[in-house]
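For the record, the sequence lines run as chains L and W. Everything in the first sequence is counted per the numbering used here, starting at 432 for the first residue and increasing by one. Everything in the second sequence is counted per the numbering used here, starting at 40 for the first residue and increasing by one.
The hints are simulated quantities; they were obtained by calculation from the structure and are not laboratory data. Glycine included, each C-beta is placed from N, C-alpha and C at the ideal position. Please note that a few of the clues may not be correct.
[Stated by the list, open to error] Pairs of lysine to aspartate or glutamate, EDC-like flavour, derived with a Cα cap of 16 Å:
(1) 470(L) to 151(W)
(2) 123(W) to 856(L)
(3) 630(L) to 646(L)
(4) 270(W) to 74(W)
[Said to hold, decoys possible] Some chain L residues flagged as far from chain W (calculated, every beta-carbon gap over 10 Å):
(5) 588
(6) 656
(7) 704
(8) 736
[Stated by the list, open to error] A few chain W residues facing chain L, derived, Cβ under 10 Å:
(9) 90
(10) 131
(11) 134
(12) 135
(13) 140
(14) 158
(15) 163
(16) 166
(17) 182
(18) 184
(19) 211
(20) 255
Listed below, chain by chain, are the residues.
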Amino acid sequence: MNEKRRRRGDEEINELIKSLYKKMNLLNLFVIALRSLNKNKIRSLLTMLGIIIGVASVIAMLAIGQGSRDSIESQISGLGSNVIMVFPGATFRGGVATAAGSAQSLEMDDLEAIRASCTSVKYISPVARSNGQIIAGSNNWNSSIRGVFNEYLDIRNIEVESGSRFSETDEKRASKVCIIGQTVAENLFDEYTDPVGEKIRINKIPFTVIGLLNEKGQGGMGEDQDDIIYAPFSTVQRRMRGDRQNISQIYISAVSEEKIELASEEIDELLRARKNISKYEDPPFNIRTQTEIVEMFTSTSNTMMVLLAGIASISLIVGGIGIMNIMLVSVTERTREIGLRMAVGARGKDILRQFLLEAILLSLLGGLIGAAFGVLSSRLFVTIMDWPVTVSSYSVVLAFSFAFIIGVFFGWYPAGKAARLIPMDALRFE
Amino acid sequence: MKEQDQERKKIISVSNLSKIYDMGAVKVHALRGIDMDIKEGEFTAIMGHSGSGKSTLLNILGCLDVPTEGKYYLDDADVSHLNKNQLARMRNRKIGFVFQTYNLLPRTSALENVELPMLYNPDIRRKERKDRAMNSLELVGLTDWSGHFPNQLSGGQQQRVAIARALVNDPVIMLADEPTGNLDTRTSFEVMEIFQELNEKGITIALVTHEADISKFASRNLLFRDGKIRKETVTENIKNAREELEKLPPEDEEME
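Required output: the full structure, derived from the provided sequences and hints.
Written out as structure tokens, the structure is:
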């Protein structure tokens, strides 16, 4: 028993020693490969150049793509949280289509029904659009006016910097009150006047400013989001548009991001039921969700990104072919060296590993330098061109591992060629 | 003397060795049934014209090639049927090569060149590798030149680095293929002086040459012709390389 155990222990130790030797052999190979790369610095650098450029461009292109995608996403998320929009559809009058949204198919009753029965809906608000000349004292400005419910501010994540929001009575009585954006305030009042409580006239109708919005900046399409006036829906609808029934747009917020789809289905079902429209007919209304809009824009930028990364990876592959070329030349040039190495005891395997390791080291080193260049140039795009650029760690890892794979792939053929040399012939090679 | 010879160990033992190169249409008989031994401590010169089969024999003795027929025992091990990797291991552990064209790695220091065979022997650690390489360089008198690149060394010095490299793995036999072929007379004698010194220290050497005066430095001559040993002679008056060097006119005169 004991004897057996001891023998097994010895075997384990032998195994350990063997594996240690293997490691040392690998270490030696590392020394060999590093030495020979070091001996040919210029050649090594030139070989790496292709990989450097490839990796750098992959990282920079992915960073640009990712950056534009991120900026689009953030701009669209500026729409609000979990937003669903419902528009009336187009109508046909005698076979002639009118503009989308012109149908008079959405009414206040529809809105109330959605609020009452769609459980995935959190906030709902109609939107009535108008625009006009705004006068305050001796200043005047032209801006767009939106009639909305108080909830609209929650849907769009609009915050009031000073003053207050609308009250329920404002909506019921169609009060002549408004909340103005920063641009409007700047153009109507001097910087020493607090707009809140001031009187302004919109299309000659006197309004009281009850709130000033937080600055929101430029929107996704380049529009000024601060050049806006909000008033109660009923005020705009009745006093400015002279309409009592039809709603030109409904903004809805779903309870959560996951419920956007469900909410949109609920709304669709409800509206179809109310208007006696079967599932297979085109409804006289359109439902758009925020996710759809995001998808629409990101699909464009995705295409761009794939295209850019594709071009960049081609340059990586070209870099890999460069490595293969130089390695092939190097194998021919170093035939005698290979012969000598074999004569002093290198096996084919050792030669294969040496050249493979050289190729891998070249591409890894090139990948490292390329990654540094890629990150650096992405930073330059940000500072010099002011492009939205996001360097993601995954792109660095991706480009780096791609470079490694290319090193192995394109290093294999020349290394194999070197390993198959016959020592005698290689030694005599001129 | 004879009895002592009997006791000596056979480093190399070859029997009925043949090598046929199949060139498609013709079959070239490079070696036709060679029988020979090389005993420990011998300094053998293998003579012959080009095409006599001496290089083929050296390649087989050096485990760079395998015989078509016959047996070859190296240090008591049958190596006639080893595979490529086993041959590589034999070359690494048992053989030291010296070539006509030195075959040093360019842009590589003398020390690193000497270290080379040990890089393929995982049993040798880094520290030991350097120590052994330095010892080896000391044996050929190049301690001060260890950091120099081959292009900074003279032909003779380069060949001495190559000899140091051949010695470093502590081989059972050193095989030299025309080691003086690229050298002038003086340098040739210098190299032969080193071979003789090493031989005196007990290192077995086999040397291929076609120069008769070089073969006079060896203790034993094998004359090859048409793939066969034609004549075996024990050198009566072994020339001493050091004495021969002194006989040469002074270097300065020679330069003129």
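Tested hints:
1. For the given pair, residue 470(L) sits about 12 Å from residue 151(W) by alpha-carbon distance, which is consistent with the 16 Å threshold.
2. For a cut-off of 16 Å, the pair hint linking residue 123(W) to residue 856(L) stands: about 15 Å separates their Cα positions.
3. The suggested pairing of residue 630(L) with residue 646(L) is violated, with an alpha-carbon distance near 21 Å, which exceeds 16 Å.
4. Simply put, residue 270(W) and residue 74(W) have alpha-carbon atoms about 12 Å apart, close enough for the 16 Å limit, and the pair holds.
5. Every CB of chain W lies more than 10 Å from the CB of residue 588(L), the least distance being 65 Å, so the non-interface label holds.
6. For residue 656(L), the shortest C-beta to C-beta distance to chain W comes to about 66 Å, beyond the 10 Å cut-off, and the non-interface label holds.
7. Every CB of chain W lies more than 10 Å from the CB of residue 704(L), the least distance being 81 Å, so the non-interface label holds.
8. The claim that residue 736(L) lies off the interface holds: its Cβ sits roughly 45 Å from the closest Cβ of chain W, which is beyond the 10 Å cut-off.
9. With a cut of 10 Å, the hint placing residue 90(W) at the interface with chain L is violated, because the nearest CB-to-CB distance is about 15 Å.
10. The beta carbon of residue 131(W) is positioned within 10 Å of a beta carbon in chain L (closest approach about 2 Å), and the interface hint is therefore held.
11. Taken as an interface hint, residue 134(W) checks out: its beta carbon lies about 8 Å from the nearest beta carbon of chain L, inside 10 Å.
12. Residue-level restraint check for residue 135(W) holds (minimum Cβ-Cβ distance to chain L is 9 Å; threshold 10 Å).
13. Evaluation of the residue 140(W) hint against chain L yields a held restraint, the C-beta minimum of about 8 Å falling below 10 Å.
14. Given the 10 Å rule on beta carbons, the hint for residue 158(W) holds: about 5 Å separates it from the nearest Cβ of chain L.
15. A cut of 10 Å between beta carbons decides the hint on residue 163(W): the least distance to chain L is about 9 Å, and the hint holds.
16. A cut of 10 Å between beta carbons decides the hint on residue 166(W): the least distance to chain L is about 12 Å, and the hint is violated.
17. Among the interface hints, the one on residue 182(W) is violated; its C-beta lies about 22 Å from the nearest C-beta in chain L, farther than the 10 Å criterion.
18. Interface hint status for residue 184(W): violated, as the beta-carbon distance to the closest one in chain L is roughly 19 Å, over 10 Å.
19. A distance limit of 10 Å between C-beta atoms decides the matter here; for residue 211(W) the minimum to chain L is near 14 Å, and the interface restraint is violated.
20. Against a cut-off of 10 Å between C-beta atoms, the interface hint on residue 255(W) is violated, since the closest Cβ of chain L lies about 27 Å away.
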